[in-house]
Amino acid sequence: MDQTEKVVRTTTDFRVKNRKNLLTPKNAPYFFMGPAFLLILIFTVYPVISSFILSFQEVRGIEKSFVGFSNYSRLFHDPVFYKSLLNTFQILIVQVPIMLTLSLLIAAGLHSSMLKGKAFFRISYFMPAITALVAASIVFMILLDEHFGIVNYFLSFVGVDSIPWLTTPFWAKVSVIIVMTWRWTGYNMVIFLAGLQNIPSELYEAASIDGAGKVKQFFLITIPQLKPVFIFTVVMSTIGTLQLFDEPFILTNGGPNSATMTITLYLYETGFKFFEFGYASAIAYVLVLITAIISWIQMKLVGDEE
Amino acid sequence: MITSKKISSKIGIYSLLIAGVILSIGPFYWMLVGSTLPSGEIFHIPPKLLPGDHLAKNFQSLNESLGIAKIFWNSLFIALVYTFTCTLISAMAGYAFAKFHFKGKNLFFFIILCTLMIPSQVTLIPLFEMMVSFNWLNTYQAIILPSLASPFAIYLMRQNMKAVPDSIIEASRVDGAGELRIFFTIILPVVRPALAAVSIFLFMSQWNSLIWPLITLNSKEMFTLPVALSSLIGMARIDYGQVMLGTTLSTIPIMLFFLLLQKHFISGILGGSVKE
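Order-wise, the sequence lines are chains Z and S.
Last residue of the first sequence: number 306 in UniProt numbering, and the count goes up by one each step with no gaps.
Last residue of the second sequence: number 276 in UniProt numbering, and the count goes up by one each step with no gaps.
Since the hints were made in silico from the structure, they are not lab data.
Check the hints yourself; a few may be wrong.
[Stated by the list, open to error] For lysine to any residue, the following SDA-like pairs were computed, each having C-alpha atoms within a straight-line distance of at most 20 Å:
#1 S/Lys103 / Z/Phe31
#2 Z/Lys64 / S/Val132
#3 S/Lys10 / Z/Met114
#4 Z/Lys173 / Z/Leu242
#5 Z/Lys216 / S/Lys6
#6 Z/Lys26 / S/Pro165
#7 Z/Lys118 / S/Leu261
[Said to hold, decoys possible] Looking from chain Z toward chain S, a few residues come up when the C-beta cut is under 7 Å (computed):
#8 Ile40
#9 Thr44
#10 Gln243
#11 Val288
[As the list claims (entries may be wrong)] Computed footprint of chain S on chain Z; a stretch qualifies when at least three of its residues, placed anywhere within it, have a C-beta under 8 Å from a C-beta of chain S:
#12 25-34
#13 273-281
Since we're looking at a predicted model, the values are computed, not measured.
From the three backbone atoms N, C-alpha and C, an ideal C-beta is built for every residue, glycine too.
Sequences are here, hints too, so could you generate the full structure?
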């Protein structure tokens, strides 16, 4: 019995060794990683380098000529570019805190144990995060119409005069902020909710024994415990806002008077409306630089955590 | 006294939460209603909040101006092929980085991580030049190929595959299973939840993507839904009934899909960054 088993074993071993396996544990990783890496080289690494070179060139038809730093120095004197930077940061500084505060409040509300219908609320709040930004922007474009939009109609009941949402510089920015907030609040809420669920309940029990009220607990336990989640959402929202394109493109097309022109929208217009590839590449590299600085700050912050 | 205070604060929380629900869902409802109204009635004071009977007409005119069936198919085909291929490629790469030691591993992985940090806008212009030189404008591959290797998906798959114990891989090697077979029959089934999350994430990002298709597609019959919608509102005379129906058509499939697969969906859209 033992003997036959051994024989069977050796024959199977023999068969396996004889079968030509092209993939060995040695070369397999290159095979598995190959397609992804090749695609990244061709469609990301090469364009990133090429774009850098382009930012020092002027493109006329198919002719390219080196012009040194002139694309960059032109940026410094371009009022529309300044405006796009300023707009992007204004939207960022107002929108991200409002949205994250809302997300946190809703998450805290949903997290409190006595509440019924949590699943319903969670789905409802998350729903906007599944829509295409284009679709969301179109719907809001109609909702926010100055004369016939529903938003102004409802506001008229509380005595607010009709607001020129999309046609004046200030309100156009507010409109972009409204759409962004509508689209992303539920998304961040779910992240906060998961963060809240990870806070050990003993902390709260101990605090209530010590006589700390709900509000005190929120500021002394919840907020500090959520710090890593906070950093994550702030960074994600910041990077997302720096790349803001769809909403202003659909809602206002950058107007009125460039009030909602963003960095990416300006890059798009320069590159694909006016076909100034060199100049557009310089804009792209400013975006890279800003993103790099913000990522660096984030790494510093997270580094302090650990 | 205490209980009545508690009850009123409960009512307060509920009414705030319900107001929030109306704000979140309201625009969806209104979009659905709008798709059944003629253009003129969408801008009506007081607003019409109940469905009308113009749905078929809107569909007809939307089909006339865009050929909506073909556009829907373009979006679906691109998103499905992209999702399937990208998930496979990312899983393969993630596996290589999680479970093998090989020369240059750290360098390769570092390069991939770097591309994760770079805003994709920087690649738009060289990629456009590339597509022109390949003669690929207005093709499916122009949309699919450039983003087919997603550093984010690779990173996520790597994280998930690290949790697979080495011993089962070793054991199957001893049993004589080939490397491909180990990957397909042992590794992939174990990381199924991650595969689901990554595919949903990729599908959504492709289905909703605007800027790159906008640049590479300029013939109507190749448009994806977001590009088609943006072209509708760029017209001189906008037919809002059509526009509402178009946005509804681009949203409804995802909405159904979401209601069916909620859990996977949420973790997918969050890119697996949150574990519940």
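Straight-line Cα separation of lysine 64 of chain Z and valine 132 of chain S no greater than 20 Å? Given pair lysine 64 of chain Z, valine 132 of chain S holds - Cα atoms ~16 Å apart, limit 20 Å.
Test coverage of the stretch 25-34 of chain Z by chain S using CB-CB distances below 8 Å; three residues minimum. holds (count 8)
With the threshold set at 20 Å, check whether the alpha-carbon distance from lysine 103 of chain S to phenylalanine 31 of chain Z stays at or below it. Measuring from Cα to Cα gives roughly 13 Å; hence the hint holds.
Would the stated hint for isoleucine 40 of chain Z survive a check requiring a Cβ distance to chain S of less than 7 Å? It holds, given that the least Cβ distance between isoleucine 40 of chain Z and chain S is near 5 Å, below 7 Å.
Has the stretch 273-281 of chain Z got at least three residues whose CB is nearer than 8 Å to a CB belonging to chain S? holds (count 3)
Does lysine 10 of chain S pair with methionine 114 of chain Z here, judged by a C-alpha cut-off of 20 Å? Status holds; Cα separation ~9 Å.
Checking one constraint from the list: CA of lysine 216 of chain Z to CA of lysine 6 of chain S, max 20 Å. Satisfied? Given that 20 Å is the threshold and the Cα spacing comes to 18 Å, the pair holds.
Hint validation: valine 288 of chain Z versus chain S, beta carbon distance must be below 7 Å. Holds or violated? holds, 5 Å
Can glutamine 243 of chain Z be said to touch chain S, with a Cβ gap under 7 Å? With a closest approach of 6 Å, the glutamine 243 of chain Z hint holds.
Can the hint on threonine 44 of chain Z be confirmed by a CB-to-CB distance to chain S that is less than 7 Å? Holds - the Cβ of threonine 44 of chain Z comes within 7 Å of chain S, reaching about 5 Å at its closest.
CA of lysine 26 of chain Z to CA of proline 165 of chain S, is that 20 Å or under? holds, 19 Å
Can the restraint linking lysine 173 of chain Z and leucine 242 of chain Z be considered satisfied, given a maximum Cα separation of 20 Å? holds, 15 Å
The earlier numbered hints are all upheld by this structure, with none contradicted.
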